[in-house]
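For reference, the chains in residue letters:
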Amino acid sequence: MNYSDLTLRYFETAAGAGILTGSDVYRGAAGSRASGTWVQFDLEVRAGGILAARFLAFGCPHTIAAASWIVEHAAGPIARAALRESVESLSARFDVPVDKRGRLLIIEDAWTAGLRQAGLQA
Amino acid sequence: MNPAVYMDYAATTPVDPRVAAAMAQSLSAEGEFGNPASSHGYGDAASARVEAARAQVAQCVGALPQEVVWTSGATESDNLAIFGVAHYYREQGRHIVTARTEHKAVLDPCRELERRGWRVTYLTPDGGGVVSPAEVAAALQEDTVLVSLMHVNNETGVVQDIAAIAAVCARHGARLHVDAAQSVGKIPVDFAALGPDLLSLSAHKVYGPKGVGALLVSRHGRGPNVQLSALQFGGGQERGLRAGTVPTHQVVGMGAAFELARTAPPAEALRVAQMRERLWQGLAALGGTHRNGDALRSVPHVLNVSFEGVEGESLLAAVRPRLAVSTGSACTSALQQPSYVLRALGRDEVLSESSLRFGLGRFTRDQDIDAALDVVTQAVARLRRLSGA
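So the sequence lines, in the order shown, correspond to chains A and B.
If you read the first sequence in the numbering used here, its first letter stands for residue 1, the second for the next number, and so on.
If you read the second sequence in the numbering used here, its first letter stands for residue 1001, the second for the next number, and so on.
Chain A on its own, in the form it takes in the complex (with noise of 0.2 Å):
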């Protein structure tokens, strides 16, 4: 398997990486390591706004390059969207085979359930 450079910058580099702690924090997740991808987010959240973002994953290259995009672009004010990024956009900027696109969908599930932990997302 071929990766861009983009996704094994983020694979090797894993900025973003760990966990949270703190009344401020909630977390989400989605997958299991018995199939294949598991993620999860922790999001420091105050005042409707992401202070900040951490994830672990069990997963591919691809899965743990996107996690950590998310988490590092994460900061700033909730404008009730799932992700700053569509699935569809992730897929092109790391360049994730169609076949592996359903584990960017895990990531989306992880994020979406860390912010509805927050009471930011129904």
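Watch out, some of these pointers could steer you wrong.
[To be verified] Which chain A residues face chain B? A few, computed with CB under 10 Å, are given here:
#1 MET1
#2 SER4
#3 LEU8
#4 ALA30
#5 GLY49
#6 ALA52
#7 PHE55
#8 PRO77
[Claimed, not checked] Sample of chain B residues lacking proximity to chain A, with all beta carbon distances greater than 12 Å (derived):
#9 GLY1034
#10 GLY1287
#11 ARG1320
Don't read these hints as lab results, they were simulated from the structure.
C-beta: ideal position from N, C-alpha, C; glycine also.
Take the given structure of chain A and dock chain B to it, following the hints.
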């Protein structure tokens, strides 16, 4: 120069410089470039090199020169053995026995024969990857015409008891084909003593060139004398079993490679086995590691390990810049699939996918083991941290 340490000798090996030199002599006008089937001096010279190579291969594996049929490699040898026997004996029976852990070069021809009306029994090895002779005996049917089992598994390195299985097949009257691509040069291979009817060989697993191999067709007279239907036509070379001009330089390379394998010092296998064990001890120290295949029945140059808490594709991507190994998963599309060999041994999907096969060889040195341990240790630790494992 690729900066990655090469540890994928079970996939292929570099051509030994001595083999390359021998091959070069048969390529140019100064050497034996003639068509070995030609009836003039150039042809005679080439033919002499071809027959010398045939003798070298035969001597390395305890066969007679006349039992060696040149092919393009082990895959073609497997196809010739399976389709050749199935077609020749189609009036006697249409049942074949093989194992779920065989190479695709055996499984795919068997599946094709199923599509054409043959029945195939796929044996499941035990958790260590061993197919017992008793299991083979139980699978034989009245119309079984062929049993095809590999000598050494390409993923786990587990060695099958071919002599015992051959005895079972001989008693029943079924022919035995053995893919020995992974065993030559690693453990002793004696065609006559092991007793199969057909044996597939490859050059490029033994520091020879790609694109050449052989099928040994028994002429020892054990059991029923095996017969084959040819699969290709157009010249009658190789006793009519494999038409086409014999590529002199390729078979000379295979002969030279097998001669080097035959004369390799016995200490070489011990050296490789000791490095392999040091690698395993280092990986085992990580915790959450599982050695795949029966370690007591494994060739010295293969180590297959599954790692808990890491995803297979990411593991391979993480080590790839510095270490060339194979993953247990097969990249059949953009999605990696868990190794069917490890699944057949009872490993779950995640562990089957998170495995690495380390293949050590003639040019592996202690510092390569150190580098591999360093790379894999870092990658596993990092990926486990990323997944919260």
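How the hints compare with the structure:
{"no.": "1", "hint": "MET1", "result": "6 Å, holds"}
{"no.": "2", "hint": "SER4", "result": "12 Å, violated"}
{"no.": "3", "hint": "LEU8", "result": "8 Å, holds"}
{"no.": "4", "hint": "ALA30", "result": "14 Å, violated"}
{"no.": "5", "hint": "GLY49", "result": "26 Å, violated"}
{"no.": "6", "hint": "ALA52", "result": "18 Å, violated"}
{"no.": "7", "hint": "PHE55", "result": "8 Å, holds"}
{"no.": "8", "hint": "PRO77", "result": "28 Å, violated"}
{"no.": "9", "hint": "GLY1034", "result": "43 Å, holds"}
{"no.": "10", "hint": "GLY1287", "result": "17 Å, holds"}
{"no.": "11", "hint": "ARG1320", "result": "10 Å, violated"}
This entry does not satisfy hints 2, 4, 5, 6, 8 and 11, going by the numbered hints stated previously.
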